[in-house]
Amino acid sequence: MSGLVMPKPDEATMSRRAAIVAALREIVPGEGVVDATNEMRVFESDGLTAYRQLPLAVVLPQTVGQVSRILKYCHENNVKVVPRGSGTSLSGGALPLEDAVLLVMTRFNRILEIDYPNRVAIVQPGVTNLGITKAVEHEGFYYAPDPSSQIACSIGGNVAENSGGVHCLKYGLTANNVLGLEMVLITGEVIRLGGKHLDSEGYDFLGLVTGSEGLLGVVTEVTVRILQKPTTARALMVGFPTSEEAGQCVADIIAAGIIPGGMEMMDRPAIHAAEDFIHAGYPLDVEALLIIELDGPAIEVDHLINMVEAIGRQNGATTCVISQSEEERMVFWAGRKAAFPAVGRISPDYLCMDGTIPRKELPKVLAGMRELSEKYGLRVANVFHAGDGNLHPLILYDANIPEELHKAESFGADILRLCVKVGGVLTGEHGVGVEKRDLMPEMFNEIDLNQQIRVKCAFDDKHLLNPGKVFPQLHRCAELGRMHVHRGQVPFPDIPRF
Amino acid sequence: MSTFTPQSEDEIVETVQWALSEEAPVEIIGHGSKRELGRPLQTEHTIALSSYSGVTLYEPDELVLSAKAGTSLAELEALLAASGQAFQFEPMDYGPLLGKPAGKGSLGGLLSANLCGPRRLKAGSARDHVLGVRVVSGRGELFKSGGRVVKNVTGYDLSKGMANSWGTLGIATEITFKVLPAPETETTLVLRGLADDEAARAMAIAMGSSGEVASAAHLPGNVASRVIGGLLQSNASTLLRLEGFAPSVADRAEMLKKLLLSAGEIDVLGGETSRNLWREVRDVMPFADGTESPVWRVSMAPMEAYKLVASLRMGAAVDAFYDWQGGLVWLRMEGDPEAAAVRALVAKYGGGHATLVRAPIALRAALPVFEPQPAPLAALSKRLKQQFDPSGIFNPGRMVAGV
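First to last, the sequence lines map onto chains A and B.
Position in the first sequence (from 1) plus 34 gives the number in this note's numbering.
Position in the second sequence (from 1) plus 30 gives the number in this note's numbering.
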């Protein structure tokens, strides 16, 4: 592993491995417990493949009762637990630990209820994101958040990561589309949050749990909002000589009151890589390409396409092509959607970063990246969710060259520091995981981080769930609970009161 | 008995540290517009954020606005409107319902009560739009969470954690929200004379269509007469709001009229009339009667809520109307709040929650104002409170007795 330090494995736990495996077998009989090294290999990494680690054992429960008993056992016996869905995390959220049980939720793969009049679907967490849409599309419905891994990623993982996608400027992230959860706490207690109704009766635990990266509990059931699919979608492909002009075009579209279904930007290296791979007809003589999708009733889409085209022209667009058919719209997207594999073709390895910036800072950040690219001697290609400022720089490197992974990681860390410096954040949708864990202090001071860990303490005061993720240092809850009150101070006379 | 009105973040921190050193619980308010909502407090001191106000960042192109907690919501809405923008979640004003003047709410109150409005179905509530917070915890420490960008999953979302916490976890000093373009055009279709169950079905059909209905409400006859100056008369009115660009709104209105042909006569309200109607629905104006008759706010699955109302009507005198496709019920009770009956029916019809938003102080002290939680969840709520406010100095007992 390159520089990543995980919590020191607990020898005592590892020496009890046989007993732990036996206890798990008692809870989940048959093939639900995997402890042979060769069979555990498939679980040793997630979508962040640079890091690998065999777990202590793997357990694949099938019922809520089993999840509850597993967690209760682990809590009582001080065994760490790493929850995992489909294992598509790009930040190492499901990276196993040597002394932790890997709790794999893929067998929770049933759709429990589809309720069209109330417009919700209730599903088990192992159902894939796309699986929900597939189950309701014959009635014209779909599930809106669409992370690019949607064919494989599970809805439980989406909840853990608060996943987004290209349509989230208009339709929101996972947090805005989940109405209810059933989850098991580390104590084995089962709680229900929300349901088919809206908003919480008390604290917004749904909001705290969504995006908590498997550190607060294990989700066993998810209620999501399903929406009627827009009747029409059309896309424009607009090329600009500079990223500044493209950025201004995006700002002007929003200023005109238009929120497109999707609005993606690619820079020159990304355009070239995608075009060479997919032949989508992208212009090769531009510095920035926007793909703008408008969805809704046909009459609205036609109305807005004209407005967006005019805004593009005013901002110096050198190419503007409007999709005339569904096939053509899909071709526009094909290049963008294949941007990652396209970059994979021109480089043995690449790192995908995930910062978000205020949109107006884009030219500055792109210029900064060019400088860093020269400094590190590594190429970078950029795809960008332009509407919401979420940037995905792809850093090209070769893992076979000694030190090049380390160099790529340092380059990536510098990009994220730059994002934070201009008012942005470390991660827009991929999560902190292990990948950005040590960068958290770039964005948060110790007080900020400690308050987040205190939320963790309310759920899991022994820090047994997914340790080593998100927080660079997990202070003990008892330590964080201490209060330092300055006694004997006089009431502040200078604070106005009446 | 003192009311502190800190003028700066440092003064807020100092005041909290003083309260901690004195072990003196404090009531946290903005301008006090929602002070009569929740369990009554018995604190000696108050921290009023009313003087800590002002916009700290507004960038319309970036769809982002930050302001200090005491900033008046009415002023913020005017500022946004000048740039053609709005809080898309349409925060309601509790003032009139609670017998107070309108337009007194603050940004801090908006988040801590997780306000929203009829557009909740499509646009969410305050918790769906908050991007970042600065908060003074009950430990007297200032922390921040989130940021100023729309897409952010860096660390736990403590901004959402502050939503609906009613000042019991911390004092949000400065809050950043996503703002969005205000709709260019709005039109309301009014279906007349439907019974509650028929209205629920009609709203479900409309919401499940490609009509992109932004809001769906149902006013039974005796409530319909109490909005927009009686224009709807005492004829049950099922309201479907369409918003967006004019050609699209017109097109969708025609589509929906055809779809709902069997529901009978459909009237159309446009422009200012439509906006006024939805503002009155949002602010529960039919029940803003200057009394303290108990009012419930009940959130349930849309297709279940009318059953609760029908059951209640068999045993009690109750006025009701529906928002959120029928899933939000506002109930005004003639006499007793019937808390046990209301909550038993919520549980019977698929679950949800009932909040006693208006009642005389004695009742609010005696009854759980917020929906009681099952034991493991209640214990978790208590632990969360403990982690933010270990000495229990912020709004003690506002949500739950003893917490």
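Any given hint might turn out to be false.
Claimed, not checked - No more than 25 Å apart at the CA atoms, straight line, and that leaves these computed lysine-lysine pairs for DSS-like:
hint : chain 1 : residue 1 : chain 2 : residue 2
1    : A       : 409       : A       : 371
2    : B       : 412       : A       : 496
3    : A       : 455       : B       : 412
4    : B       : 152       : A       : 204
Bear in mind the hints are in silico, worked out from the structure with no lab data behind them.
Computed from a predicted structure; not experimentally measured.
Hints, one by one, checked against the model:
1. 409/A <-> 371/A: Roughly 29 Å separates the two Cα atoms, so the pair is violated.
2. 412/B <-> 496/A: holds, 18 Å
3. 455/A <-> 412/B: violated, 37 Å
4. 152/B <-> 204/A: holds, 11 Å
The structure fails to meet hints 1 and 3 from the earlier list, while all remaining hints are met.
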